[in-house]
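**Student:** Now for the letters of each chain:
There are 2 protein chains.
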Amino acid sequence: MSRAFSRPVRYLVIGGALLSEVALASGSDPVAPVLLALAVILAAAKLGGDVAVRAGQPAVLGELVVGVLLGNLALLGLPFFEPIKADQMVDMLARLGVVVLLFEVGLESTVGQMMKVGFTSLVVATLGVVTPFALGWGVGRVLLPEHSIYVHMFLGATLCATSVGITARVLKDLGKSQTDEARVILGAAVIDDVMGLVILAVVTGLIGAADQGTALSFVSIAIIVAKAVAFLFGSIAVGLWLSPKLFGLASKLKTRGVLLATALAFCFFLSWLASAIGLAPIVGAFAAGLILEDAAFREFPDEGVHELEEAIHPISQLLVPVFFVLMGMHTDLKSFTQPGVLSLAGALTVAAILGKQACALGAKAGMNRLAIGVGMIPRGEVGLIFANIGLALTIKGERVVDAATFSAVVVMVIVTTMVTPPLLKWSLSRPSA
Amino acid sequence: MSRAFSRPVRYLVIGGALLSEVALASGSDPVAPVLLALAVILAAAKLGGDVAVRAGQPAVLGELVVGVLLGNLALLGLPFFEPIKADQMVDMLARLGVVVLLFEVGLESTVGQMMKVGFTSLVVATLGVVTPFALGWGVGRVLLPEHSIYVHMFLGATLCATSVGITARVLKDLGKSQTDEARVILGAAVIDDVMGLVILAVVTGLIGAADQGTALSFVSIAIIVAKAVAFLFGSIAVGLWLSPKLFGLASKLKTRGVLLATALAFCFFLSWLASAIGLAPIVGAFAAGLILEDAAFREFPDEGVHELEEAIHPISQLLVPVFFVLMGMHTDLKSFTQPGVLSLAGALTVAAILGKQACALGAKAGMNRLAIGVGMIPRGEVGLIFANIGLALTIKGERVVDAATFSAVVVMVIVTTMVTPPLLKWSLSRPSA
Chain A
1 MSRAFSRPVR YLVIGGALLS EVALASGSDP VAPVLLALAV ILAAAKLGGD VAVRAGQPAV
61 LGELVVGVLL GNLALLGLPF FEPIKADQMV DMLARLGVVV LLFEVGLEST VGQMMKVGFT
121 SLVVATLGVV TPFALGWGVG RVLLPEHSIY VHMFLGATLC ATSVGITARV LKDLGKSQTD
181 EARVILGAAV IDDVMGLVIL AVVTGLIGAA DQGTALSFVS IAIIVAKAVA FLFGSIAVGL
241 WLSPKLFGLA SKLKTRGVLL ATALAFCFFL SWLASAIGLA PIVGAFAAGL ILEDAAFREF
301 PDEGVHELEE AIHPISQLLV PVFFVLMGMH TDLKSFTQPG VLSLAGALTV AAILGKQACA
361 LGAKAGMNRL AIGVGMIPRG EVGLIFANIG LALTIKGERV VDAATFSAVV VMVIVTTMVT
421 PPLLKWSLSR PSA
Chain B
1 MSRAFSRPVR YLVIGGALLS EVALASGSDP VAPVLLALAV ILAAAKLGGD VAVRAGQPAV
61 LGELVVGVLL GNLALLGLPF FEPIKADQMV DMLARLGVVV LLFEVGLEST VGQMMKVGFT
121 SLVVATLGVV TPFALGWGVG RVLLPEHSIY VHMFLGATLC ATSVGITARV LKDLGKSQTD
181 EARVILGAAV IDDVMGLVIL AVVTGLIGAA DQGTALSFVS IAIIVAKAVA FLFGSIAVGL
241 WLSPKLFGLA SKLKTRGVLL ATALAFCFFL SWLASAIGLA PIVGAFAAGL ILEDAAFREF
301 PDEGVHELEE AIHPISQLLV PVFFVLMGMH TDLKSFTQPG VLSLAGALTV AAILGKQACA
361 LGAKAGMNRL AIGVGMIPRG EVGLIFANIG LALTIKGERV VDAATFSAVV VMVIVTTMVT
421 PPLLKWSLSR PSA
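Going down the list, the protein sequences come from chains A and B.
Going by the working numbering, the letters in the first sequence line up with residues 1 to 433, in that order.
Going by the working numbering, the letters in the second sequence line up with residues 1 to 433, in that order.
Keep in mind that the hints were calculated from the coordinates and are not lab data.
Treat the hints with care, as some may be off.
Treat identical chains as interchangeable: a pair holds within one or across any two.
Claimed, not checked - Heads up, simulated SDA-like pairs for lysine to any residue below, C-alpha to C-alpha not over 25 Å straight-line:
#, residue 1, residue 2
1, K245, L36
2, K254, E309
3, K116, F406
4, K396, A276
5, K334, K425
6, K227, H330
7, K425, L144
8, K176, V53
9, K254, S427
10, K176, P422
11, K254, L47
12, K176, R256
13, K364, L47
14, K176, L242
15, K245, M114
16, K334, D87
17, K176, G234
18, K252, D50
19, K245, T126
20, K254, K425
21, K85, P30
22, K254, L69
23, K252, V65
24, K116, V40
25, K227, D211
26, K334, M115
27, K334, L428
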């Protein structure tokens, strides 16, 4: 076949093949693009964090903003960072990062401390789900009167669940993760995740039933609720009983780094279990952090939760910025410019922010009520996941969430995420009320 | 359309859709399988490490063996761990792990210390490339007389490059990374990587030329050599000059974790650069570790290489076992049972091990010559990559590496990897000779 080519062409073909084979030998290591992405993200995170801290803001705001800048350079014809946005490996490292973050935050509290604020968290979570749901429904009814009741209901559902990553990080940045307010917010966010799951199941079930003309299956919804509640109470009860035994056994292993490896394996296993049950992995990571208390480590000489926290710190310093810079990069500024989107987006955002302020009513006297309401504001990826499901749902041929509504939800998620760090810092610096 | 289905079928369809949507909402987080894999790998690594340490062996041998066990359970009809072997994300974490390991090992030496043993390393590397190449060629000539000279040559090439991960880890496990012998081995392994690249280019070029009846392109080979040498000397010279300036700037950033983030970004960038030039990323990581010396950190109060090493330690405790357990898991025990493979495999393995003992001749008087020869034994993934390229090459329709030869190379890689930890431990405990 090659006889058909002239000599220079053949040389090119051979040379190209040779070079690509050499590249295959070592040059094309699949980790190479991830290495470059990590170098860029770490450098960007520190630069952004520096500017934020100088401006008196939590470092995470700087990481988000620098992510928005990098992620939208393509709008200026500079698409250098687009491969990072599309890289599945970087995405996975970001997800691993938020798991480690919630584990770290969970380690700072104990199950006992969470139980003390448990009822308050439940009330806060309930208020913070009911109010935004009603407000979102109302926004849909007023601004999208031509759509069906199910569309309005679905909009309400997208406003329910709190995305706790941002708040957890701001509380850490400000050294406030061990306050009662922090525990109420974190507890309420975990309960929110369960409630959001139930609401999504109910609303999706109602829409499916309306579309098909059948009845809603209450059994499948009851199963979801039962699994989630069983996970939360079961994993904590079993974990508290099992972890001292597990770590007691681990302490007998004669190799290095056993405490850290066992704790991480425990966290990753519970995160996986939460995911298998239908909850977010971060719920499992947070539960794992709560469960691990000094009692678990009594067989490790000179080691406890404090030493474990110190060992996890460098891992979170590597992985957590990946989550926040990438979250910023996925912010599509074009969403803000779509005609007809901004009024719906504005109304949804106001509903989202005001709706969570109802949480303040659930706080006990003496707590910083404002901070609790503000801490519940971010919707993050949960709202996006809901909207994404809505994109695929139809009732009698009408899409439940159309492109404009989806963009409005994206804007709501962006704004609630970006306003939280400065608002939370401000609210925490005020006297309690 | 659904009218065509009976009521129970419709219920099933709706229920299934509902559940899969709920799973999409949070349950199917793509990080979930990675979390489970990490939990399994960390637990297995510590158990394997414990057994190895109790048996007086380096922990890494236990990680490899436990990986072999998990990875071959499918032969007993228990394919539980097969998904871990196939997971691209886990593979990427393993590659990130070996980058972090070589960075860590590089940090333990300085450029100056490496320069002192530089000439010895060059002699050791040269002897350790020429001898196995000749022996491998000879094995091919004797055992595969029906094949062409290019096949024999290619077999020699697969025996050249040292895979330094295992040796670096054993030296760390035994606390010997800062000895002169360790530096000679690590330096020689880096030079080996460059030489391996050149040999692969030359042999592949010769085969391509023989197949096409054209001449070998010496220009493209010269370019490869020039790039590799320029990278090694260039990155070290520029890095030594630039790193104090870079870290001086970084020390002015007002956010936390700057030292670790900057050092990691520096390591990841150099690893990527090495890969872009056609070298293994670990060569860049090792160079980055050598370059970063206390001088680079003079602007960081109370922080230096020692503090950086302590911060990187937990990251390597998470990622490094992933590399070694996964390496074990990818060991296919079926390779040992293929008819007609074992004699070739045995001869290749002997050639691989004896060939690297020539390295001992290059060591200076007073050094532990035996340990240097043993430390160069492992072929690891480099030999596999070579063999893999050979699978795709043909001369006049004859495959350069056929399935049986490939299996023999796999066996050689497995054996050289597994014998190194105990042999190296034994050789280091003997008096120098």
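**Student:** Hint by hint, note whether the structure agrees.
**Tutor:** Evaluation of the provided hints:
Taking identical chains as interchangeable, the C-alpha atoms of K245 and L36 lie at most 25 Å apart only when they sit on different chains, with a minimum of 21 Å there against 42 Å within one chain. In this assembly of identical chains, K254 and E309 lie within 25 Å of each other by CA distance both inside one copy and across copies; the values are 22 Å within and 22 Å between. Taking identical chains as interchangeable, the C-alpha atoms of K116 and F406 are never at most 25 Å apart, the minima being 39 Å within one chain and 63 Å between chains. Proximity of K396 and A276 under a CA criterion of 25 Å is satisfied in neither setting, with 32 Å inside one chain copy and 54 Å between copies.
Taking the shortest Cα distances, K334 and K425 never come within 25 Å of each other, neither inside one copy (29 Å) nor across copies (60 Å). Proximity of K227 and H330 under a CA criterion of 25 Å is satisfied in neither setting, with 32 Å inside one chain copy and 36 Å between copies. In this assembly of identical chains, K425 and L144 lie within 25 Å of each other by CA distance neither inside one copy nor across copies; the values are 35 Å within and 74 Å between. Only within a single protomer do K176 and V53 lie at most 25 Å apart by alpha-carbon distance; the minimum there is 16 Å, versus 42 Å between protomers.
For the homomeric pair K254 and S427, the shortest alpha-carbon distance between copies (23 Å) is at most 25 Å, but the shortest distance inside one copy (49 Å) is not. For a Cα distance limit of 25 Å, the shortest separation of K176 from P422 inside one copy, 14 Å, qualifies, whereas the shortest one across copies, 50 Å, does not. Taking CA atoms no more than 25 Å apart as the test, K254 paired with L47 passes between copies only; the shortest distance there is 9 Å, against 42 Å inside one copy. For the identical chains of this complex, K176 and R256 are inter-copy neighbours only, at 16 Å across copies versus 33 Å inside a copy, given an alpha-carbon limit of 25 Å.
For the homomeric pair K364 and L47, neither the shortest alpha-carbon distance inside one copy (39 Å) nor that between copies (48 Å) is at most 25 Å. Proximity of K176 to L242 under the C-alpha cut-off of 25 Å is found in neither arrangement, the shortest distances being 30 Å within a copy and 38 Å between copies. Taking the shortest alpha-carbon separations for K245 and M114, only the intra-copy value of 23 Å comes in at or below 25 Å, while the best inter-copy value is 47 Å. In the homo-oligomer, the alpha carbons of K334 and D87 lie at most 25 Å apart inside one protomer (21 Å), although the nearest pairing across protomers, at 35 Å, exceeds that limit.
In this homomeric assembly, K176 and G234 never come within 25 Å of each other (Cα to Cα): the closest approach is 28 Å inside a single copy and 47 Å across copies. Proximity of K252 to D50 under the C-alpha cut-off of 25 Å is restricted to the inter-copy arrangement: shortest distance 9 Å between copies versus 44 Å within a copy. In this assembly of identical chains, K245 and T126 lie within 25 Å of each other by CA distance neither inside one copy nor across copies; the values are 36 Å within and 53 Å between. In this assembly of identical chains, K254 and K425 lie within 25 Å of each other by CA distance solely across copies; the values are 17 Å between and 46 Å within a copy.
Taking the shortest alpha-carbon separations for K85 and P30, both the intra-copy value of 16 Å and the inter-copy value of 16 Å come in at or below 25 Å. With identical chains, the CA atoms of K254 and L69 are at most 25 Å apart between copies only, with a shortest distance of 20 Å across copies and 48 Å within one. With identical chains, the CA atoms of K252 and V65 are at most 25 Å apart between copies only, with a shortest distance of 20 Å across copies and 47 Å within one. Proximity of K116 and V40 under a CA criterion of 25 Å is satisfied in neither setting, with 43 Å inside one chain copy and 34 Å between copies.
Proximity of K227 to D211 under the C-alpha cut-off of 25 Å is found in neither arrangement, the shortest distances being 27 Å within a copy and 64 Å between copies. Within a single copy, K334 and M115 get their C-alpha atoms no closer than 44 Å, and across copies no closer than 54 Å, so neither meets the 25 Å cut-off. Proximity of K334 and L428 under a CA criterion of 25 Å is satisfied in neither setting, with 33 Å inside one chain copy and 63 Å between copies.
Against the hints set out earlier in the document, violations occur for numbers 3, 4, 5, 6, 7, 13, 14, 17, 19, 24, 25, 26 and 27.
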